Structures are given as structure tokens and as C-alpha cells.
Amino acid sequence: MKVFLSRDSSAQSIGAEAVARALARVAAERGEPLELVRTGSRGLFWLEPMIEIERDGRREGFGPVTPADVPGLVAALADGGTHPLHLGRIEELLAAQGQRRINFRRCGVVDPASWEDYVVTGGTRGLRAALEMAPADVVEAVTASGLRGRGGAGFPTGVKWRTTHEATAPRKVVVCNADEGDSGTFADRMLMEGDPLALIEGMAIAAVAVGAEEGYIYLRSEYPHAREALERAIGIAYDNGLLGADLLGSGRRFDIALRMGAGAYICGEETSLLESLEGRRGVIRFKPPLPAVQGAFGVPTVVNNVITLATVPAILADGAEAYAALGHGKSRGTLTVQLCGNVRRPGLYEVPFGVSLAHVIDELGGGTASGRPVRAVQAGGPLGAYLPAPALDVPLDYEALAERGGMIGHGGVVVFDDTVDMAEQARFAMEFCAIESCGKCTPCRIGSTRGVEVIDRIRAGTDADANLALLGDLCDVMEQGSLCALGGLTPYPVRSALEHFPEDFGTPAAAAAG
Amino acid sequence: MPEYSESRAAILDAICRRHADAPGALLPILHEVQERLGHIPGDAVAGVAERLNLTRAEVDGVVGFYTDFRREPAPARVVKVCRAEACQAVGGREVYRAAVAAAEAAGGTVEVEAVYCLGNCACSPAAQVDGETLGRLDTERVTRLVAGTDGEVPA
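In order, the protein sequences belong to chains Y and C. Under numbering that gives the first Met the number 0, the letters of the first sequence match residues 0 to 513, in that order. Under numbering that gives the first Met the number 0, the letters of the second sequence match residues 0 to 154, in that order.
Any given hint might turn out to be false.
What the hints assert, rightly or not - With a cut-off of at most 25 Å between alpha-carbon atoms, the simulated SDA-like pairs for lysine to any residue come out as follows: (1) 286(Y) with 22(C); (2) 439(Y) with 65(C); (3) 286(Y) with 65(C); (4) 439(Y) with 53(C); (5) 439(Y) with 143(C); (6) 439(Y) with 23(C); (7) 439(Y) with 8(C); (8) 439(Y) with 16(C); (9) 439(Y) with 66(C); (10) 286(Y) with 60(C); (11) 439(Y) with 67(C); (12) 439(Y) with 69(C); (13) 439(Y) with 70(C); (14) 286(Y) with 23(C); (15) 439(Y) with 96(C); (16) 1(Y) with 89(Y); (17) 439(Y) with 68(C); (18) 439(Y) with 56(C); (19) 439(Y) with 113(C); (20) 439(Y) with 48(C).
What the hints assert, rightly or not - If you want the ones that stay clear, here's a sample from chain Y, every Cβ over 10 Å from chain C, calculated: (21) 13; (22) 94; (23) 130; (24) 154; (25) 187; (26) 223; (27) 224; (28) 279; (29) 323; (30) 404; (31) 419; (32) 456; (33) 480.
Claimed, not checked - Rough simulated footprint, nothing fancy, chain C against chain Y, three-plus residues with beta-carbon under 8 Å: (34) 23 to 31; (35) 114 to 127; (36) 172 to 182; (37) 249 to 261; (38) 421 to 434.
Since the hints were derived computationally from the structure, they do not count as laboratory data. All values derive from a computational prediction rather than experimental measurement. Yeah, the Cβ is synthetic: ideal placement off N, Cα and C, and Gly gets one too.
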């Protein structure tokens, strides 16, 4: 019996290991040989722990499985029957949802620690193609694909690469930003746990394109499972020439070192990350110089997010046109939507850009888990605006969302039902900024603490008019007077909460101000 | 666990030597010091500074900046509970408050640390105990986790 079971840390967090133990026990009792393949997750978290069983070359899913389900499930299948937890073929389920899996084509399918699985599913094709091209053509292919940075800013990846490619320097560096700190996002973690070799191949392609021999993955310490998966994958990559002195026999060198963060949200900001990588406090840097010109250790550096880099092998393997053919407006390819919060079917949905946010929440997510109406949605992480339910009929596209005052960010979508207190959410945005501010800019360092106090006074009904005006001023100063997105964008969730949900701030004046 | 047969100086020597060729390796060094000693005591700050030719203030500033680094030994159990938005949307605030109350009841033997996202947002509310992430928590389960009476930690 060949069984696939996720080892993804989210699946483990809700009992996947207990299911693994039950499978081993039941197989032993029945005297049936068990081949248990541990994969990443398919991202269908309402069905986790999910198992897939391969029979006659056909792989079918069952879930959510508890240890108590395992004996009956194994017995039913041994008799050639079926079981109430049967889900059918998972590929069909994903296709029915409109998912187009490019980044996540291997995640949940293969054993992430198997080089053979990687190669059989198209691994190394992208790097092989890149090694046969002139580096400038590799940059051009990434530009032509329309790929934009998936970490949040959405900057065209090819343009970034071109800057580093054109810089003349004896030493260049490729850095993967794996400090995925935004609440509501987990795509980087899933990919690193479920398909880490794709990230390594993407970094190797970036290195070939810009002329770097040295790479770093800066991983947040909150992700111990991703760390294990990456350490294993880096070893496998060295053993098979995906890293080292002779990349796939080309004679080119590329090394990767894994560096662990130490619990600082701000290190997801690229210049703070570089400071931390160099062994200092994660205090942000002025730009310019851009990291692409003067980044890690003072040399030209490509800094890209995990998903961005992991997309590159597919672009090189299948062509920029194929990738650019998907999408909407200036947002090309697929977006890995991470749907969570108060939603019935939370998970990872990789869909072409352009699908509407309402469709994702209502159709794919099935509405709220509580069954109550959706009241607010925060897209793009803790620095993203809160959108009210009527504003959700908007295509997922960087520009379209920005027009509504929202942002795609890293693709996180957090759903709240009508029990949410939006004044409390606004207060939290300021509190979070105060806790995580690196301290460089006064508006962020001090303004966020003052923001908490001002919101407290508004909620208490103390001098509401004056305090609302003060909060507006404070938001202006933070937005305009901060060097990076933490201080600069914290006003977005605050202002949007005030604008769309003034009644939660408890004063007639607040209602009027909305 | 600390190896008492080895002097503090020898431990720091070995750790710093291992990272001698890695550029800017202060964070990996401090992580290792903490792994070996359980925390980063003042004399280790001075020892690392001396070996890396940094000032004590530079090393101390790094220790102070990052929440993972501890100047004092950790209590027997540390439960990291997520306070961020995706958990808030499904009762995370109540879970965090219950964890704090349970830690107070335990009288200083357990530390509840607020964290801001464990990447377990599709199975929230979430917490982490001994490097294991746990999901779909409620106030009762988190109370048992903090009290150390939860038998079903998936390992």
C-alpha cells in the first residue's frame, strides 16, 4: 500500500503525525507492507490531515483523517471498496477550483527530499536552459515573463536583476528573503517545506543571470520545519550538482548558506535583512544605494522573495510567454493566495491574477467559518488596508487593488466576520508597529506608541473630535516621514478601519468623519 | 545542554572558529552560544566581542535587538502564542489571554511569549511549544499546554 501524507508543519499542527503512527500500526497489524511517502501540503487545510492512496497507478485523496478513521479506511480499501472520506483525485479538485499550479506544482505531490522525484517532475530543466543562454538573455526572459516580486512590493524581477547584472564588481550576491513575517501568509513556508529544491534552482538561475557565486537564504526562526527541509535540500543539491563548484557540469560555481533570523519582523524588509545578514541590529538603511547596486557586504545583491525565486525555474523551462500568458493587466502569471482567518476552507490557492477577491472568499473559501456575514478583509498582511465586504468585488491585480486603497502584498487574505471590533484592529496595527519598529525613524518609533494612546482616547470617548484630527495628522506624519513600509504603511489599516467602520470608534464624530 | 567539562572560553573559541570564514556571522554565533549555554550571559557577550574584534556594545546591541536572544535562562517551558491578525479572526485574543492567565497560575515556571505569526494561519489560532507548531487551539487546550497537562502534543 503506497500512501502519501503531508509533513507540512500546519498538517502536523493538527495531527498528521498521529495519523502516520496509526497507518504504521494498522499496516503492521494487517501484515500489509506500507510505503509511506511524506510530502509537503496540497494547501487544502480544511481537509488536513489528508492522505492520498495510490492504487493501480491512480492516486486518490481522503480527508480530513483522524487516527480513529485509519483502521476502517485501510480495511475498506483493501476490500476494493471506498470510504466516506474519499475526495477523488486531488488534481481534479484543484482544477475545479480554477487553480493553476506553477509554483506549487510539486508541493504535496513529491517527496521534497527526493532528488529523483525532483528531476522526474521537471527539476533542473530551468537551470539547464539558463546555462545554455547568455546571462543577459536569462535576465531578458525573466523580464519578458512579467514576473513581479511576490514579497509584497511587486517590483519587476527582471529589472532588479538587470541592475545587478550590469553592475561591474568582482563579487556579487544572491539573497533569498525567507523572513515571511506577515500575518496571514504561509506560502513561503509551504514551498520551503514542500519543494525546497525549486527555490535552490531559482537562486542558481539568478546567480547565473547576474554573475554571482555566493548565495544566502535568510530564514525566520519561527520556521524550524522549513529549516530542516532546507538544510536537507541544500545537501541534496550539493550532492547532485545543483550547487557547488560545477553547476550541472557547466564549470560555474554557486554556493548557498542558510542563515537564521532571530525574531524580528523588520528583517523582512530587505535592507534590514542585509544588516542582519552582516551581523548587526536589523535597522533599515537609506535607499539609494539600492541593494541591487550595493547590498550585502557592500556588493551588488539580488534580494528576492521565496516564491519569486521558485517561479523562475518554470519560466526558464517552459518559456516566458507561457507564464506571461496568464494573468490580468500588468500582473502576469499566478498569485499564490493564502486564504485564512474566519473562513470555512482556508488554504493555499494558486490562481491566475485577475480572479476577484469576492470569488476567492465566497466560492473557494466558502464564506466564514462561523457562518456569520463577512465584515472586513485584510489583504496584503498587517500593513494592508481593511476592505469592507461591499468592496471585495475587485480583481486580484496589483493596480486594481491599489485603486481601492488595498494591496496584494505577499498574497495573504485574512477574513473577519461581523463580530470584529475594527477600532481594536486599528489599535493593534499601531501596537504591532510599536513592537516591531527598528527605531530608525521617529514617526514610526514614537508615533506608533502615540497612535495606540490616541486610539484609546477615541474609544473612551475622550475629546473625540480633537483626537480624531490628531490621529489623522499622526497617520500623515508616519506615512510621509518613515523610510520603510512598516511606519509608512501602518496608517493604511488604521485609516481604512476609520473610514469604512466609523461606528466602531464609538463616537458620533467618528461616524461623521467616515 | 551545557558541557561542564568544557570551559566557557573553550566553547566560545570553538563556536567562533567554526564561523571564522563566514562573513558577518554574528547571528549564527549568538544562536549557537544560546543553544550551548541556554542563554547569552554577559561574559559570553564580552567573549564573543573580543574574539570577533567588535566592541561589547555592538554585540550587546545585537543581543538586545532580537527577541530570540535571552540574557537570562529560560524557564522550563516556553509557550509561544500568536497574537497576529489571522489568529485574532478566530479567537486568538481569547487564546492568548487564557495562556497568560494559565502562566500566572503556574507561578513563573512557564513563560508565555507573544509571537506575531507562526505561518500556521490556515490552522489558527496557533502556538509553538518546543519548536512544534500547534493549530486550531482553543482556550482550554492552550491552558493545558501552558500547565503541561496536554497529552496530545503531536510530535
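| query | Can you name, in rising order, the numbers of the hints this structure does not satisfy? | reply | The structure breaks hints 5, 7, 8, 15, 21, 25, 26, 27, 28, 31, 34, 35; every other hint is satisfied.
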